[in-house]
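K.L.:
From just these sequences and the hints, can you work out the full model?
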Amino acid sequence: MTPQSNPHAGLAPLPEPIARLADGVELLDPTQAPPIRWGIIGAGWIGSVFAQDVAAYSSGTIEGVAARDPQRAREFAENFGVARAFDTYEELVSCPDIDAVYVATIHPQHEAAALLAINAGKPVLVEKCFTMDAAAARRIIDAAHATGVFCMEAMWTRHLPHQKVVSQIVRNGGLGQVVSVHADHGQSLEHIRRTWDPELGGGALMDLGVYSMSFVQQVLGDCEIVGAAAKMTDLGVDVESAALLKSATALASASSNFNGKSATYGEVVFSDGALEMPEQFYRPTLLRLRTFGAGRAGDNGELVEWDGTVPGGFQYQAAEVARCLAAGLTESETMPLNDTIAVMDLLDDMRRRIGLVYPWEK
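The sequence shown begins at 1 in the numbering used here and counts up by one.
Calculated directly from the structure, the hints in this document are not laboratory data.
Careful: at least some of the hints might be erroneous.
In the BS3-like style, the derived pairs of lysine-lysine whose C-alpha atoms are separated by at most 27 Å in a straight line are [as the list claims (entries may be wrong)]:
(1) K362 / K231
(2) K164 / K246
(3) K261 / K164
(4) K246 / K231
(5) K261 / K231
Computed from a predicted structure; not experimentally measured.
P.N.:
As structure tokens, then:
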């Protein structure tokens, strides 16, 4: 497959008030990143999204795929135009024609697959949640540091244009101090067995809540959970959960659920305004800037909108890996490994608070 007409070039220009607040932001075009050849470990749905977005909207190509069942890998390769299907993960990571590996297995298998790639000297992009606990995340990162191999969590949201704008506005401080952050991710996933099965790392927190938690950490940096609640299934995983967090200066809420589709709303409230993502904060979406003067309570303030939607979305994280490798970096500034550890620590704490224990931990 070859890249389609460049969707990034169709991004609307930032309105002046947002551009001013986000001064210095870089919205880089994925089709202009250095081309690299990807290998995918895991032939499920998330791997198919990556394969399609990279091929259609970036400079990268998908060179190979491997799955536990070689037949699934062959079918994946045929369906998504992948050059080669490998019979084993070992064959894929040892292939000289693959520049980087994307780990797209179920959560409990991330650690083994990531370590396999790192020990073979392959740069690795590991799907979120990065691992099932912070200890496993540290083992991966320690291995990457020891070998000098690039490693990044595949939290694709952080690389999207609207999220880059949000982060730059927070960094610049033009709206004043962050007062609160809110993120919710709710989907109806009763039909997907994996999400309910504790043996497969099921539960809303580790599948969807990681988006909400990561967004809070992205904005606040150092923060901690001060309260949590969850509704658990008969199998012992959370069907919905919510956390209350605090930093030195702000409060936040992070919630997720599998039993009802929400707007997946995200918001950062500052002392002098707010940034709002009314729907699907974790995908390419609309960004609203709301500013207030000296008006009375109940005044909706002035509203400016920017349409940050683009087709696909996974191409941005793939392009980030390509740029980092070309620059000789071993981690990303946009999704640094310290942030991955911080989020995994928060997820560990959340699991302790709601009693989410997986079978291999008992």
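K.L.:
Hint by hint, note whether the structure agrees.
P.N.:
So, going through the hints one by one against the coordinates:
| no. | hint | verdict |
| --- | --- | --- |
| 1 | K362 / K231 | holds (20 Å) |
| 2 | K164 / K246 | holds (23 Å) |
| 3 | K261 / K164 | holds (26 Å) |
| 4 | K246 / K231 | holds (22 Å) |
| 5 | K261 / K231 | holds (16 Å) |
Hint violations for this structure: none, all hints satisfied.
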